[in-house]
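So the sequences go chain by chain: R and A.
When the letters of the first sequence are read in order and numbered with this note's numbering, they come out as residues 1 to 344.
When the letters of the second sequence are read in order and numbered with this note's numbering, they come out as residues 1 to 344.
Everything labelled a hint here was simulated from the structure, so no lab data went into it.
In this text the structure is predicted, and so the values were computed from the model without any measurement.
Mixed in with the good hints there might be a few duds.
[What the hints assert, rightly or not] Straight-line alpha carbon distances no greater than 25 Å define the calculated DMTMM-like cross-link-like pairs of lysine to aspartate or glutamate that follow:
{"id": "1", "chain 1": "R", "residue 1": "K228", "chain 2": "A", "residue 2": "D147"}
{"id": "2", "chain 1": "A", "residue 1": "K228", "chain 2": "R", "residue 2": "D266"}
{"id": "3", "chain 1": "R", "residue 1": "K228", "chain 2": "A", "residue 2": "D318"}
{"id": "4", "chain 1": "R", "residue 1": "K131", "chain 2": "R", "residue 2": "D230"}
{"id": "5", "chain 1": "R", "residue 1": "K228", "chain 2": "A", "residue 2": "E126"}
{"id": "6", "chain 1": "A", "residue 1": "K321", "chain 2": "R", "residue 2": "D224"}
{"id": "7", "chain 1": "R", "residue 1": "K236", "chain 2": "A", "residue 2": "E234"}
{"id": "8", "chain 1": "A", "residue 1": "K228", "chain 2": "R", "residue 2": "D318"}
{"id": "9", "chain 1": "R", "residue 1": "K228", "chain 2": "A", "residue 2": "D143"}
{"id": "10", "chain 1": "R", "residue 1": "K243", "chain 2": "A", "residue 2": "E234"}
{"id": "11", "chain 1": "A", "residue 1": "K243", "chain 2": "R", "residue 2": "D224"}
{"id": "12", "chain 1": "R", "residue 1": "K321", "chain 2": "A", "residue 2": "E319"}
{"id": "13", "chain 1": "A", "residue 1": "K243", "chain 2": "R", "residue 2": "D143"}
{"id": "14", "chain 1": "A", "residue 1": "K228", "chain 2": "R", "residue 2": "D224"}
{"id": "15", "chain 1": "A", "residue 1": "K228", "chain 2": "A", "residue 2": "E244"}
{"id": "16", "chain 1": "R", "residue 1": "K236", "chain 2": "A", "residue 2": "E47"}
{"id": "17", "chain 1": "A", "residue 1": "K236", "chain 2": "R", "residue 2": "E234"}
{"id": "18", "chain 1": "A", "residue 1": "K331", "chain 2": "A", "residue 2": "E148"}
{"id": "19", "chain 1": "A", "residue 1": "K243", "chain 2": "R", "residue 2": "D266"}
{"id": "20", "chain 1": "A", "residue 1": "K236", "chain 2": "R", "residue 2": "E244"}
{"id": "21", "chain 1": "R", "residue 1": "K243", "chain 2": "A", "residue 2": "D143"}
{"id": "22", "chain 1": "A", "residue 1": "K321", "chain 2": "R", "residue 2": "D230"}
{"id": "23", "chain 1": "A", "residue 1": "K243", "chain 2": "R", "residue 2": "D318"}
Protein chains: 2
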Amino acid sequence: MVRKSVLQSRAPVAGLLAALLVCAAGAFAAPDPLPSWNDGPTKTAIEAFVTATTDPSGPRFVAPAARVATFDQDGTLWVEHPVYTEVMYTLDAIPALVAARPELAGVEPFKTVMSGDRAAIGKLPETDLLKLVAATHAGMTVDQFHDEVKTWIGKARDPRLHHLYTDLTYRPMLEAMAYLRAAGFKVYIVTGGEQDFVRAFASKVYGVPPEQVVGTMLATSFTDAGGKSDLTKEPKLLLNDDKEGKPQGIHLVIGRRPVIAFGNSDGDREMLEYATGGPGPGMGLIVMHDDAVREYAYGPANGLPDSRVGTFTQSLFDEAKTRGWSVISMKNDWKTIFAFTPAP
Amino acid sequence: MVRKSVLQSRAPVAGLLAALLVCAAGAFAAPDPLPSWNDGPTKTAIEAFVTATTDPSGPRFVAPAARVATFDQDGTLWVEHPVYTEVMYTLDAIPALVAARPELAGVEPFKTVMSGDRAAIGKLPETDLLKLVAATHAGMTVDQFHDEVKTWIGKARDPRLHHLYTDLTYRPMLEAMAYLRAAGFKVYIVTGGEQDFVRAFASKVYGVPPEQVVGTMLATSFTDAGGKSDLTKEPKLLLNDDKEGKPQGIHLVIGRRPVIAFGNSDGDREMLEYATGGPGPGMGLIVMHDDAVREYAYGPANGLPDSRVGTFTQSLFDEAKTRGWSVISMKNDWKTIFAFTPAP
């Protein structure tokens, strides 16, 4: 009995030691939260910023409620080249629209799209693209539109990479989102894409719920009949969530200045200025598409021809240097780009 | 030693029993989550709806992510009679505005406001009120406006009740917000008031953060100079968050149909229709101001003269009955209205 009693009295100490050893082992074995990033200045800068803004005893601490992270989508979270995914959706939706409204068949820009002439479609000016977007994103309830996008995105594939568009997300960015969430940041998508289009898949693809998607906003009209109410999408632009529209949209939906912002083009410049031009800590990051082998290389700041999508000008590159924004080189900073292995 | 050993072996059981007894006592003593509500059909209906929508095995279960609760502010969360608090702010801000821009002194509606003629001010049409709101809510950065409202609301008092406006919140509604939050609902304010005005105090007064305030939206302009960026409020209306503007604003900011909505006037009708006109469960509640002793009594549905603020028409009252919305009688349903005891 004595022996048992001694054992009992020592047991808690032994248990404590065992627990400490387990904890210590856990600490040493803590997995890298950004495994798809190569070690280097960009990864180090992200980790240092998150450490500084979450250290309650440090001078750059940000209260949990104010920890807002914003990510552009096209070219920042997934492939945008050579054509935005939403433009592909729009073009795919035109035949059904023209079938329902035959009077559009002879009207531009619908006529060009229906001709199937890829070169001519590729040359349509932005005003025509906006007309096509408005026509295909309106005239139905928000729930119907949600279902149509969900169905399309569940099967549509990128012509070159032969994968679902939703597979063309960048693994390092999904890791950055998860890392920021674990550090108490609220993660938003702030996209030039139409808000409801991106909401239709953002929860599933990025873990971002509808209320955390800020995008280009179209008007809706409200109807109520027989106890059933609906919002119908209207072809009327409320906010173009691009360039200065990004901080404006952020203010409308979030009402807080972002603490960290990720973009990839001149359309994200003002969002990064907003994130880094306030009284508190702010970090800006820009993805540079410089990996022709694993993804694409484009943009003048890259010494390459201008692109219709994701323009990254020399002036943006210069501003990034002046303001200390991190330029993410896909080629050098990303160990892995996609969750899958692209076909050769 | 034997005795000790027996005690030791029994200790865990005794501890477990003690813990169970504490838990049981806790369960029996569980405080009423809605102590300022009188027992009756309204309180019962709220509790039954929350129980049904949070029961995973029941037919009316709502997934946690979709649990959205929306509350109108003026007349629903705090006193709106006889003048909206924001109108008081606006009138108080006019002298400083006219001092800064003397050319306004001779221009209506500024001239009438500067005359101090209360009767004439009270008769200004809504278009003039909107002009005053636009003029006093613009021309400064969003941060400056936030600070101005915060300073004003920290000291401004209701002329009749002699309390800070922020003390004129309804205790039963603050309890309903807390009760819904505890049941996993995300609580939003959806107000006809200007969005940034309400954001300036909603965190402190209601525990509602800026990203959960949907209100009337003004445009902003973005500037960046010398590494400092700002959004300046512009006197341009983007969305009037009233009537059909409420479901529209909810869709822009939240992107989900509310599951439960609280209002008090015809301006909230469409929000309640939206909450209760969808495919899933929905509950609508309307506050009726029928307590002239403790607060105010007004509105035709109440058999009383029409009011300039918080109009509650007979047709809204009829619709509430048809659709099964709960009408909250301040007189009968609320045991306590304010956290303080009003002066006689």
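Which of the numbered hints are not met once you compare them with the structure shown? The structure conflicts with hints 1, 5, 9, 12, 14, 15, 16, 18, 19, 23, although it agrees with all the remaining ones.
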